[in-house]
Amino acid sequence: DAGVIQSPRHEVTEMGQEVTLRCKPISGHNSLFWYRQTMMRGLELLIYFNNNVPIDDSGMPEDRFSAKMPNASFSTLKIQPSEPRDSAVYFCASSSSGLALTDTQYFGPGTRLTVL
Amino acid sequence: GDSVTQMEGPVTLSEEAFLTINCTYTATGYPSLFWYVQYPGEGLQLLLKATKADDKGSNKGFEATYRKETTSFHLEKGSVQVSDSAVYFCALSDPGNNRLAFGKGNQVVVIP
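Keeping their order, the protein sequence lines are chains A and B.
With the numbering used here applied, the first sequence has no gaps in its numbers, which climb one by one up to 116 at the end.
With the numbering used here applied, the second sequence has no gaps in its numbers, which climb one by one up to 112 at the end.
Looking at chain A on its own, in the form it has when it is part of the complex (with noise of 0.2 Å):
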């Protein structure tokens, strides 16, 4: 399998503008996170999708972040506008439990983002 696959690696914009981050989970996974690191607060959960369904998306920052899963295999983070804080590390991952969250979770390569 060839993993959880995020697109673009590396991304560099102007603020203001939109941002679209992307993600193939492992086929058959039916869960998929996404996530922030940056040094000052670590790794965050931003939102989960289980059968492609948002589940919780209380830690996704604020309005100008959506995600959405229009199937089984993919998944798009926006930020619209962006905004230099919004400079990050995004992490997509992907599971095969259920609300459960019990078992383990496969990371993508991350997509670094630059916004000046």
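Hints are supplied without guarantee of correctness; some may be wrong.
[What the hints assert, rightly or not] Okay, the calculated beta carbon distance ranges per label pair:
1. B:G29 / A:M40: 27 to 35 Å
2. A:T76 / B:P40: 22 to 30 Å
3. B:G9 / A:G16: 35 to 43 Å
4. B:G29 / A:T104: 27 to 35 Å
Derived from the structure by calculation, the hints contain no laboratory data.
Note that the structure is predicted; figures quoted are calculated from it, not measured.
Glycine included, C-beta positions come from ideal geometry on N, C-alpha and C.
Start from chain A and add chain B according to the hints.
Okay, now just chain B, sitting in the frame of chain A:
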């Protein structure tokens, strides 16, 4: 709410030294506990896990025991190698409230 606390600061040690990284947790239910490792430029990957009290997770020479009485899940390795240099994250998942929590991570640097 559920949370994980890891010891502050990076850990620097010599090759073949003994490694301990402390992890304590707070949870309302009966969580599963994990250690994830992140090598430079990569995503996190599972190192080991334990799903109930007194379970011991082990992998690649690393071990951690789920201690309910002290709410701890300390990571240990008897003899580290340069290739163990990475960031290590302690995490818990609490099925009772569908919450995941990660610690802030510890940078481990092993010097030849």
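Hint-by-hint comparison with the structure:
1. G29 of chain B and M40 of chain A have their C-beta atoms about 29 Å apart, which keeps the hinted 27 to 35 Å range intact.
2. A beta carbon spacing of about 27 Å between T76 of chain A and P40 of chain B agrees with the range 22 to 30 Å that was offered as a hint.
3. Here the CB-CB span from G9 of chain B to G16 of chain A is close to 37 Å, well matched to the stated 35 to 43 Å.
4. Between G29 of chain B and T104 of chain A the beta carbon distance is about 19 Å. The supplied range of 27 to 35 Å is therefore violated.
Hint compliance for this structure: hint 4 is the single one not met.
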